[in-house]
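> Two chains, each in its own frame: build the complex with the hints.
So the sequence lines, in the order shown, correspond to chains A and B. Residue numbering for the first sequence follows our numbering, beginning at 273 and increasing consecutively. Residue numbering for the second sequence follows our numbering, beginning at 346 and increasing consecutively.
Derived from the structure by calculation, the hints contain no laboratory data. Keep in mind that the hints are not guaranteed to be accurate.
Not everything, but these chain A residues come out facing chain B in the computed CB check (under 7 Å) [to be verified]:
| # | residue |
| --- | --- |
| 1 | A293 |
| 2 | R346 |
| 3 | D351 |
| 4 | E393 |
| 5 | A407 |
None of the values given here were measured: they were computed from a predicted structure. Cβ coordinates follow ideal geometry from the N, Cα and C atoms, glycine included.
Residue-level listing of the chains:
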Amino acid sequence: MALREKSAWISFWTTLVVYGAYFAYVGQAAAAGRPVGFAGPLTTCIFVLVVLQVGLQIVMAALNREPRGPQDERERLIDLTASTRAFYVLQVAAMGAAVTVYFFDKGLMANAVILALALSELVRHAGIVLGYRRAC
Amino acid sequence: MPASSSAIGGRAEMPAPPPIRNDIRRLRFEHGEMTQADLALRIGMTRQTVAAIEQGKYSPSLEAAFRIAQVFGVGLDAVFRWEG
Numbered sequence: 273m274a275l276r277e278k279s280a281w282i283s284f285w286t287t288l289v290v291y292g293a294y295f296a297y298v299g300q301a302a303a304a305g306r307p308v309g310f311a312g313p314l315t316t317c318i319f320v321l322v323v324l325q326v327g328l329q330i331v332m333a334a335l336n337r338e339p340r341g342p343q344d345e346r347e348r349l350i351d352l353t354a355s356t357r358a359f360y361v362l363q364v365a366a367m368g369a370a371v372t373v374y375f376f377d378k379g380l381m382a383n384a385v386i387l388a389l390a391l392s393e394l395v396r397h398a399g400i401v402l403g404y405r406r407a408c
Numbered sequence: 346m347p348a349s350s351s352a353i354g355g356r357a358e359m360p361a362p363p364p365i366r367n368d369i370r371r372l373r374f375e376h377g378e379m380t381q382a383d384l385a386l387r388i389g390m391t392r393q394t395v396a397a398i399e400q401g402k403y404s405p406s407l408e409a410a411f412r413i414a415q416v417f418g419v420g421l422d423a424v425f426r427w428e429g
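Here chain B stands alone, though its shape is the one from the complex (with noise of 0.2 Å):
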């Protein structure tokens, strides 16, 4: 019997996901120093909201994640990564 079918709808046993990184910090800084309101303004957040995305602490919608990914321009895996 696979392990997974033992708990209740497989969940009991799944591990916790991996955090999501970012590299947004880095991408501020080498697009002149862009300041976290600034990208809050571009991307309609507020300047609460990015600094919580920076330090992993909320993941974005994948619409935001876009969104900050579009600012740079740059792809969305050049922004963020998701270490399972």
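Looking at chain A on its own, in the form it has when it is part of the complex (with noise of 0.2 Å):
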């Protein structure tokens, strides 16, 4: 497996986990009628996502065995065509975050852009590992 292509799979794992377990608490918390604390959470859950992502790509780094070197050309429209299609997926989940403000209040709706941004990074990773499983 190319080097690239583990580290999709790092951030593709720990984007779905830490995001999940974030929007999952967020969840509960606006079902409950609770106020859905922003701040803390938030801050929390990129924390833990830095973490992870850096500790786990350096110790894939450490492992790696196979030369690293600039992206190739395949390499480069693999992430361009990830890239794209997870900008299609920001723009209608951006949008549909834009409507939350006629149902909900600014913290549910700033938790909307939150989840929209989750969503087109979880697109852009799957579509690096998809790239690299399908060769390109």
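Structure (structure tokens):
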């Protein structure tokens, strides 16, 4: 498996798990009618995500035996294709988040924006993995 | 009326392009059993990309194709064939 594919797997799973836990918390709070704390939980979520990703990427790089170099043309193409797909998801999800202003408070709207970002990141990482799996 | 003008932009009826075949695997073995990693190093790509090109899963850019041909000291048509 290519180094950058491993990296995309790490990013995908850490994003899924950490944001999954965060939005499970937000969903429970919203369903129970509690005010959705934004700053504290989100700061924790981002901190955990950064620590996990950096830590795992360092471990993976240390264990890697293949030579590392700049991205080649196929890897750039995989990256661009995945980013384009993620951008479409971001556009749709951001529009969805904007609509929440009519139904929910600003805390939930802010979380909807974060959800849009998280979804687009997941699609980007999944797209990179898919690109490597399909060879391009 | 020509058939192509009935489709929007004339693109809908275009058949899928035939695959680009290559002889990289044979050329590698004829050049001292060069490994994919060796070739990748010489053309500035990853081993996985060379493997994808060999398997016909990825068509390289013209520049990369010329670099591959240069490594083997042959012309482009000795490495790649477009079976159109």
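> Give me the numbers of the hints this structure contradicts, sorted from smallest to largest.
Going through the list in order, the structure violates hints 1, 3 and 4 and respects the others.
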